[in-house]
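> Listed below are the residues making up each chain.
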Amino acid sequence: MSLPRIVCPHNRDLLQTFRDRTVAVRVKGLETAAAAAADVWESDNHLLCVIIESGSPLADLDFREEQKDLPLALMAPSCGKFRHLARRLDLLRRCNLRVYLPGSPPENLVSLRILSSVGIYTGAMIDGGVDWDALGDLMTYAVLERVPHAAIEPFAFIASHYDPSSYLDWGGLFFDNPENYLHLDEEGRVALSAAELREQRFVAPSISEIAAPQEFPAIRERLQAWRQYFVENHPCASCGGWKICLGKFAASGSGSQGCAGFFLEMLEVARQFKDRQIQAEGFQIWQP
Amino acid sequence: MATVIFKATEACNARCIYCDVVHKKPRAPVVMPLETLEIFFSRINEFLLNRPDEQMEVIWHGGEPLLLGPDYFGQALHFQEKHCAATGSRIRHSIQSNLTLFSRDFTEILKKLGITSLGSSYDPILNLRGLGTKRDSQAYNRKFMDGIRLVEEEGFGWGIIYVVTKLSLAKPLEIFHFLANFSPKGAFMFNPVLIYDNPKLNRLKVTPKEYADFLGAIFPVWWQQLEEFPQVEPFSALTSNLLEEGTSLMCSDSGACARNHINVLPDGSLSLCGRAADWSLLQYGTIFDKSFSEVLADPQREVLMERNTILPETDCKGCRFWKICHGGCPLDAWSGSGSFLHKSEWCYAKRGFIEKYFEPMVNPSAAVAAVTTKEPQHPWPPAPPANLARIGKRRRAKDPEARLELPWINPIGGLGDTLMVSGVLKQVVDRNSSRQFNLVARTKYRPLLAGHPAIAHIGHPPPGSKFVIFTTNYWEHEDYRQPGKRAYQVLARIFGLTPPVEERLYVPWVFRDDPVLMGLIPWKPRNVLICQSSDSPRKQMGLERWEALVQRLTQIGVGVCQAGRIRDSYVRGAYSLMGLTSTRQLISLVRHFDAVVTSDNFIMHAAQLCGVPAVVLWGPTSHRVYGYAGQVHLQAKIDCEYAGGCIEGGDGGHLYQIDCPRGPAHCLDTLPLEVIFNAVMGILKDLGKEG
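So the protein sequences, as listed, match chains A and B.
Under this note's numbering, the first residue of the first sequence is numbered 294, with each subsequent residue one higher.
Under this note's numbering, the first residue of the second sequence is numbered 66, with each subsequent residue one higher.
If you're looking for bench data, these hints aren't it; they were derived computationally from the structure.
Computed footprint of chain A on chain B, listed as stretches where at least three residues anywhere in the stretch have a Cβ under 8 Å from a Cβ of chain A: (1) 240 to 253; (2) 290 to 302; (3) 504 to 512.
In this text, a Cβ means the ideal position worked out from N, Cα and C, and glycines have one as well.
Pulled out of the complex, with its shape left as it was, chain B reads as follows:
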């Protein structure tokens, strides 16, 4: 189908920060004169008469096409009926609008033009899209929502394009859920922001890798609940193209824009596409002197055609994704290299996303092969994935029975234990990608384990059914009673690994900083994160001693923040982050501290995961069982009747949540403050030497 991007106006009531159209001086005239509009439809008729098997899609674009008003669309219909009597049935209209100007006055005429759905775009992040020269995004959002409401009431469908900027990167899932919640029946698409020659906007620019990682953070959620979510691009198209041999390609990937794309501006000038017009490239004259057939035969298009034969021998040689990409958008190639005969600078965004996120999720075994084979041996299409049988026409087939037959993991223990379990499971699946588990759904563990490559499903085992279940209560296993026990190694054995294994921790998601949280913290040149709390009061050092430590540190200019839950005791002098962070946010935050001082708790494990030096205060539990090499372990001397630690094994379980009766003689309170302080300073001084 031939496609005309029809810009009857380039004027816009909004000033989206990244829009190339509104930042240029408007080309005269701002609105296409009716005489030109009439010529446009006569050109369409001429084209379709010459090509009886061809159809033409007219995409009303802009600027904001609704600024034209309903009468203008009425005139367009009039000219279509006047000039395209024999060809009108082969004309399809669609529209891309910001919807802030939509009113019921448009309903009748848009429906007469055959438009049943309206394309739009939106961003919940403020100050990117907005009305008027001041870019009033709150007014924009209100009017957009009013527009959507009217569009729905008038019986139109709608879809959204979301432009991924630097500001989006911190919250991919938040944005995804926002869009999915807002359009449960609709569709939406992610596109990276394209900024080329405006240094002021570099703060919004994303790299191909960042864009791939953004998509990668979302894809597991979408994939695991395909039936739940609307059509989301590029995921839906990739699923179709890679798994079902579909051919659903956007213009930038089709390799066919040279054969079928024409851009028309208000003054009647012609070019390849909107971006070509914005950059004054690939211009083909005007509608007054050229027919569409002549435009499609313009010699300037030859270089784009050649691209399809040259790239497979050069930039894209051997690439197994050629047929779903064709080197990407030629305009991107031009902006990156100054030539159309190179692949798009966004190549990694697609390839990286597929190899790093898509394939490991839909077909882990194929993904391993793909990553380890630098020059792919198998031409397109790739071999059907082993689990293709589970994939339906567009949606993954429901196969709850097969899924539920996988062994179940019943997670027990603290979040630190969960990090160890996650690390063990990663090693299990790395060694045998076909080993998968179900996870019994418990609110506490989902944020850490959702999306884990070893976990196929999080839910509830069917009552009464026969299934294998792994419980993570390593402390009740026989191994745990052996001398030299290590919690991690016991867990490894529970999941079938042969100890000793490397004690790697793992989370199945990308660290993301919350900009609000990061902006909230009064960072100092050196910063220490403390965590006084633990599930067991016996693993906690007394509050006064923590406060004395904080005082020492703050006196010498070290910033001290306290992590924990909202109910935990506050250590005076520390900047409290208690209750402000989700599990994921807290782990991501740990990375930014120079040192961690903590009890034997989740933060101790999180510090190890993030590679942040830690001073760990041990009392009734032993660093020999839980501590990690490389951390500073300060083990208190136990001077009570429980020589092996009051909460370790045996009858210790019932003491776990009871305060130590020894008061000031509690083992952890005998750790000399000076020793703790010096241990922290040792880390900070070491960092100073490095830095």
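Here chain A stands alone, though its shape is the one from the complex:
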């Protein structure tokens, strides 16, 4: 297991406390993204991306030409008015940018589709309250639509990485997998996920305590936590969609009418995607 990447707030002092790590640095606004990136580089760490936790819709953000090469993960509550966004589309398409929107309200699912269709890479942050049917439609579009469009995560990742003989955890796409990402607060305390960071549930006082993540008990236990579903014979353990869900929505209790139906459909679409790839491999057009 390689060292997990670090997700931390933009804090120069904090960044100086470790080196040679890959860092996703969190900022509250687009305007501080460049400074945050510069501070990561200065700290002898590697920049994965700048996570912008914006309270404003995407359309209201003032992207500038000089930001186009920064790796940006923009987490916005919504897309905003498309007529505002349209003016910046050309720049946004050239940006090294992935836009994350919450899966609910349902309008966001429409926005994700629109953004994808105009070539902007996106991610749907799904929780148990999402409209699973509408999400299924978005997923089908993301994976099977032949008209060029940018990837929508996690669907593109699941479709291209699904292997029936193993589990697929896509939490890392959203910085939520302690095997790949550890979250730090301003004081450098370590949490295993963004949610646990918000709840101040820390597993170590500093990242230096975690020299070998595979040996660190809390990480080790978390990576094996899925087994508890089987010990308890939780309904998720018997769900046909388990291998690509791993009980992520167990708490929502949406059951077979919700997440289970969606993930079964996702599996079917992943199969079809794979079939299509196999077909494409065998197809060659004549060469002049």
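Starting from the known structure of chain A, fit chain B onto it as the hints suggest.
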């Protein structure tokens, strides 16, 4: 290969409810003494020296073999190296353990013995397997999962045996998915529980038919996504044996146990197998006075050999499955008939499963021939199935192109419409088994149609490709505008049948009761299921009127349950099942009610499917179009500008989801309550006469 089932201990840390070993008094000694262990390996050497081409498999069994501890296995290796210097390379070790005692201390020695994979068993249903005399299944499950985790970390493979009991029958797919999810790279096997002489355990016993049906509920799912699932027995072996002329037979089916099986107990006593030892049958003396060659030549084995020549002329005469069964386990035959010279009492489990579930799925045309031909004309092996070309070495070949060329069905409409479509498709495939369709995947319809014999694939049509598509929107077809129209008949014509056809409904799965749900309902001597809701508010009778009906019924002691979705309006006084049932559970549940009172909705169709009498309340739609003969149809008089029903045809589509503006004068609310009540009572009284 000769096989020794080696029980160096019969002690066990668990008390699985159906285990014959732990329920007997342990035979002394509990652990095989080291002196006996040494003799065991010298006997192996003696046997292999006499048979230079032979190999021997030693299956460490029990009891729980890990109770022996790693040092004991070390001693075994020591004795093997000491006595089998020239023959050790022909000894294979394997182990069957509950894994609750597995620790890293076992890793080195098990690997030195050449063990790379561990066999185990598990049951997610509580209180069947458990640790200690109290059978603590939660502790067992935790320790088992810890064991599996360690086994994986130490680089071993593993597989699971799942024992099918009565408690399993209600949830075959749940159990299947549990095991498949848990061991995506592994393998698992279903075995029926074997209970012979313990009446207390009859509640767990399954019949051969129940076992076949259990497998039959799972097989379509496994078969349709072969590439997705691990190796699952008996499916994998049957696929190999029936379609690829393989010879992968378990001991019970091989007809060869007499030639190669020996069971060794801790005290050195010898018998045919573990079950023979448990029942004190086919005992061959002890390891101290008999060589393995002598044991395999014991005259008691002759009757088992004769079985292979007698059964094909008697019980198994003409059976086309002889070569993959050989009459089944002789011990089963003995327990059923008192003689080894009969076929196993589990014959139907295999034959029934193959004929009822396996063949119709892998080769529908061959299956029809097989079922209609009582004495099979074709000896083994059966003719290759017509679609064998689609079957790969062990897995069905990917042929997405051919599959996608089939016509697609685009399902539209409610779940009731889907039941009609399913019934029509069944008639289509019954008449011409080569007619198959793809189904456009939509979340709502999958639970009803998955596994349907007419549906080859559920997915999405490739964009831009040319394909034939059937849309089930019968209400937009020309026929539907004709006088005397019947929705079912229009659908039949859409799929190429010539009306009139019999209006049969169908679901491609076995009804299964959910024990939790069944236990939840406060059943009364007479029970009525009501369903007030419909996709269209215009097809619903007012809530107050439903509540008045429920009050009348409950006052006279009739149990009333309400089915529906979680968002539907609750009818006070009814026991609400709204949102608690999946589509399949709801249909299965309908069977248990004495009567159904419903709007024109899915439940009306489900009642017909299940043969449950129904009172159906009709307003803007007509029972002449949708209703079934045998149901009680109460058609409200329409007294508004839409004489033909406001949502029927024409411009009615836009009104479908809008409330009727007439309020209390809404046609359905004019149905006299007394008439509805009397109709329900008429059904219940009729049942009383019958019962």
